[in-house]
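Colleague: Protein chains in written order, with the numbering used here: chain A, 1 to 191; chain B, 1 to 144.
Since the hints were derived computationally from the structure, they do not count as laboratory data. Watch out, some of these pointers could steer you wrong.
Ranges of calculated distance between the beta carbons of each label pair, as one might list FRET restraints [said to hold, decoys possible]: (1) Gly39(A) - Ser117(B): 56 to 62 angstroms; (2) Gly144(A) - Ala120(B): 43 to 49 angstroms; (3) Gly82(B) - Lys43(A): 44 to 50 angstroms.
Glycine residues also receive a C-beta, built at the ideal position from the N, C-alpha and C atoms.
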Amino acid sequence: MPFIAAGGAATAADVSTFKAGTFSPPRPAPDFALRGSDGGELKLSRYRGKVVVLGFGFTHCPEICPTTLATLADARRKLGPAADDVQVVFVTVDPERDDAARMRTWLGSFDPTFVGGTGTEAQLATVRQGYGVTSEKKPAFFGGAWFAHSSFTMLIDRGGRLRALMPYGRAADDYVHDVKLLLGERSVALE
Amino acid sequence: MLLFAASALCATAWAALAPIESTSRDEIFEIPKGTWARRMAGDKVEILPSEIRLTLGVKDVLVLKNSDDVPQMFGPALMMPGQSFRLPFETPSVNQFACTAHASGQLTVVVEPHPDSPWARLRWRANGLLAMAPGRERAHGQGH
């Protein structure tokens, strides 16, 4: 157990102060093991103790995913040294095209600390199911494919609990605000 | 007749000039206990309308509650039994969320600016009256 519980809900930030949508009570964020863009195994639980911002998408996405990742990169810059305790994890919905190497290059163009996850279609479908993420493959007009997928990102606290969903299009300052709330909490243990 | 006209004028003036206040800014939708069982029995149960309209400063917090015994996709959120989801809005906007509960696959949340002008207050109150008209009730905590 890497962290000690310090009073449960009593130390959690007031949900009415969040910019994102918050869950009450929060539940454990489902763990997963995927192939990481850093070459190793990507397990969510690896980042216990950090605030995790988890998103789903694909590297060929023309708008939603690049916008969200650029916003997250901006948020990390604004967080300054506190960003060391924040991990952005991006899980692909397009395993056919998004291998680890492509994800590493693409994510690195936004922020070199971002980590991607890929795997088999079945593995990824299981991960999406655990988070209520939808994804539907669509034929692209000029060939190839695109994906209609859930566009929000998830905020997971230091204790590995799924705390909030940030809708697409929110500003970097909104992420900074909520991440600071989560970083400031003392209650972090799940087990 | 004169009395009626004076009353109507007073009511219109009040509707246009009186500040809009709200005891709670939460717009609440709830999946009641037993919804899953009803769906399994073939009932068409819909909780969320495909479009939700909120007003900044009055009703600008969307609250979803799952009071059923099983996990439910509710709007954009996968919610465990007993969980609630609270989503505040701070700017006028049109928000599209993937939502498997609707045929379109989308839930739209329209956030309108706070009705600051007399005309806006009048229109806001008129819309509220229209929404309460018979046959236009919105489901709160029940299927329809």
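Colleague: Check the structure against each numbered hint from earlier and tell me which ones fail, lowest number first.
Modeller: Of the numbered hints, just 3 does not hold.
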